[in-house]
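Visitor: What follows is the residue order along each chain.
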Amino acid sequence: MAEHSIERIPTVVADGVDIVYRVNGTGAGRGSATAALNRMLRRQQAEKAAGVRTVHAVKNVSFVAYKGEAVGLIGTNGSGKSTLLKAVAGLLPVENGSIYTDGQPSLLGVNAALMGDLTGEKNVYLGGLAMGMSREEIRDRYEGIVDFSGINEKGDFITLPMRTYSSGMGARLRFSIAAAKDHDVLLIDEALATGDRSFQKRSEKRIRELREQAGTVFLVSHNNKSIRDTCERVLWLERGELRMDGPTEEVMQAYEEFTGGADKPKAA
Amino acid sequence: MSQVLDTPPPTPAPADDDLAALAARHGLSVSGARPSLPEYVRQLWARRHFITAFATAKLTAQYAQAKLGQVWQVMTPLLNAAVYYFIFGVLLGTKRHVPDYIPFLVTGVFIWTFTQSSIMAGTRAISGNLGLVRALHFPRAALPISFCLQQLQQLLFSMAALVVILLCFGVPVAFSWLLAFPALVLQFTFNTGMSLIMARMGAKTPDIAQLMPFVLRTWMYVSGVMWSIDKLAGKHSGLPHWVEPVLQAQPAAVYIDLMRFALIDSFHAKQLPHHVWLYAAGWALLAGVGGFIYFWKAEETYGRG
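Here the protein sequences line up with chains A and B, keeping their order. So in the UniProt record's numbering, the last spot in the first sequence is 268, and the numbers never skip. So in the UniProt record's numbering, the last spot in the second sequence is 305, and the numbers never skip.
This is chain A alone, in the form it adopts within the complex:
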């Protein structure tokens, strides 16, 4: 799909990345007062003894992604895909190693900025501003966002509070807001499975457009078909380690074998 120029330009470079989560209130004390006291008194020396558990979510991962590439991230649940994506976006600090990026990669998602008590219309503005768009940009694209979401197909719903929306409607509006911005490096975490059939088709088309504008797209998904449709290269993470990195078909076949065969024979 993407034409590679002779000199490939890297957009994301991950260099020996380790990501570690620290979780309070686990371990022997199970969050009891003595464990907490222990934790405060002993700090660094005995994090483990004091009930702080470290979770090594991503271990020594290195890769280079180039301009015009769509890279799929696969792996079983809890293998560190989303964590790695957040680190690429600069939202989670890395323990060791470093991630270099061209411009500011952005996660496709504004859910957290939206408020159920506000109308859909106000949420379009709030979400757009949260993603760093200007008021004028949002005003220009407002019609497009609402049309794309199809919220108003069954009546004037955009002026109702978002908490009154059905879950499908809410998901569609969220995707529409998130997809309204152009990104240098776009990170998509399981966003394609929302909405009905016609909305899914529209969003796949929009992802393709975004891909053409964006330098690089990362896609996390458990839907092997959407990975095959969208990506030409796949990174396979397992237990936080990079198990395979290569052309989509090659990696997907190994992955399907690993997870116990393809769930269905490839749909045409």
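The hints are simulated quantities; they were obtained by calculation from the structure and are not laboratory data. Because the structure is a prediction, the values reported are computed rather than measured. Ideal Cβ placement from N, Cα and C applies to all residues, glycine included. Some clues are possibly wrong.
[What the hints assert, rightly or not] Within a straight-line C-alpha distance of at most 20 Å, the following computed DMTMM-like cross-link-like pairs (lysine to aspartate or glutamate) qualify:
1) A:Lys-67 with B:Asp-18
2) B:Lys-58 with A:Glu-121
3) B:Lys-67 with A:Asp-117
4) A:Lys-67 with A:Glu-232
5) A:Lys-67 with A:Asp-245
6) A:Lys-181 with A:Glu-212
7) A:Lys-67 with A:Glu-212
8) B:Lys-95 with B:Asp-230
9) A:Lys-59 with A:Glu-241
10) A:Lys-59 with A:Glu-95
11) B:Lys-204 with B:Glu-299
12) A:Lys-181 with A:Asp-140
13) A:Lys-181 with A:Glu-143
14) A:Lys-67 with A:Glu-209
15) B:Lys-297 with A:Glu-95
16) A:Lys-201 with A:Glu-153
17) A:Lys-59 with A:Asp-245
18) A:Lys-59 with B:Asp-18
19) B:Lys-58 with A:Asp-117
20) B:Lys-204 with A:Glu-95
21) A:Lys-59 with A:Glu-238
[Unchecked claim] Computed footprint of chain A on chain B, listed as stretches where at least three residues anywhere in the stretch have a Cβ under 8 Å from a Cβ of chain A:
22) 46-57
23) 135-149
24) 289-303
Based on these hints, arrange chain B on the given structure of chain A.
Guide: Frame of chain A; chain B shown alone:
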């Protein structure tokens, strides 16, 4: 899954210096690194519309489900003042020592609430919004600042109610009312600085949010919200003589008394400490600038699991 998930040998990656050199050659920057202070201020300014929109959205969403809706913006502070009036004014008889006690008390409660809720909101600004912090990229200082702006908007509702109360109790309209504006600007700067400091501390140690109500309540009782500091220090001669100037010079008391001086004719300049505007500006500058730098220093760590 019956299969044993053996940890596979990592795929051979290019040597470290290769990747770093490749990144450097193409001018890639480290993801999630803390920007310089001027750059940070520039980014924050670029997000000013988000900050105001977020504050307004929070404010309107707050009472969206209540039947009386936005009426609670005014009702909540008034009910608060009524409770304090009942306890301190009527039961403990503080009002005999203070002229215009109800305007005096209500001004105190409103101005104190502004500082108190800004600091409380700041404490939870990062720790209570991890979802937002982990999903979107923006200068994190936008959150505490936005929460303080929300409190400022809330205070403006209260001030409208306060003006009605003042007029009802026969406090004359005067030019000195204009002093309320610089006093509010300084207090807002102080509050923002404090909530930035608390936001960083609360992000690292969420337990602080449990502790703050007690600290704030103690602070309220020594700030002369429901009684006059000079009356207390005069009455209880047992207190060492340095207590009164210290109590009067601390920020909450400074901003409360400035507002009383601006609005209430029977509150005289001699009840204020010397150089009171200097104190007000000094606290604002110290907390504002200090808090901002303190918060920025940990910018890249917010949102860690």
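Visitor: State for each hint whether it applies.
Guide: Here's how the hints hold up against the structure:
| no. | hint | result |
| --- | --- | --- |
| 1 | A:Lys-67 with B:Asp-18 | holds, 19 Å |
| 2 | B:Lys-58 with A:Glu-121 | holds, 15 Å |
| 3 | B:Lys-67 with A:Asp-117 | holds, 14 Å |
| 4 | A:Lys-67 with A:Glu-232 | holds, 13 Å |
| 5 | A:Lys-67 with A:Asp-245 | holds, 17 Å |
| 6 | A:Lys-181 with A:Glu-212 | holds, 13 Å |
| 7 | A:Lys-67 with A:Glu-212 | holds, 10 Å |
| 8 | B:Lys-95 with B:Asp-230 | holds, 14 Å |
| 9 | A:Lys-59 with A:Glu-241 | holds, 5 Å |
| 10 | A:Lys-59 with A:Glu-95 | holds, 10 Å |
| 11 | B:Lys-204 with B:Glu-299 | holds, 12 Å |
| 12 | A:Lys-181 with A:Asp-140 | holds, 12 Å |
| 13 | A:Lys-181 with A:Glu-143 | holds, 14 Å |
| 14 | A:Lys-67 with A:Glu-209 | holds, 15 Å |
| 15 | B:Lys-297 with A:Glu-95 | holds, 18 Å |
| 16 | A:Lys-201 with A:Glu-153 | holds, 17 Å |
| 17 | A:Lys-59 with A:Asp-245 | holds, 15 Å |
| 18 | A:Lys-59 with B:Asp-18 | holds, 19 Å |
| 19 | B:Lys-58 with A:Asp-117 | holds, 9 Å |
| 20 | B:Lys-204 with A:Glu-95 | holds, 17 Å |
| 21 | A:Lys-59 with A:Glu-238 | holds, 10 Å |
| 22 | 46-57 | holds (count 7) |
| 23 | 135-149 | holds (count 4) |
| 24 | 289-303 | holds (count 3) |
In summary, this structure violates none of the numbered hints.
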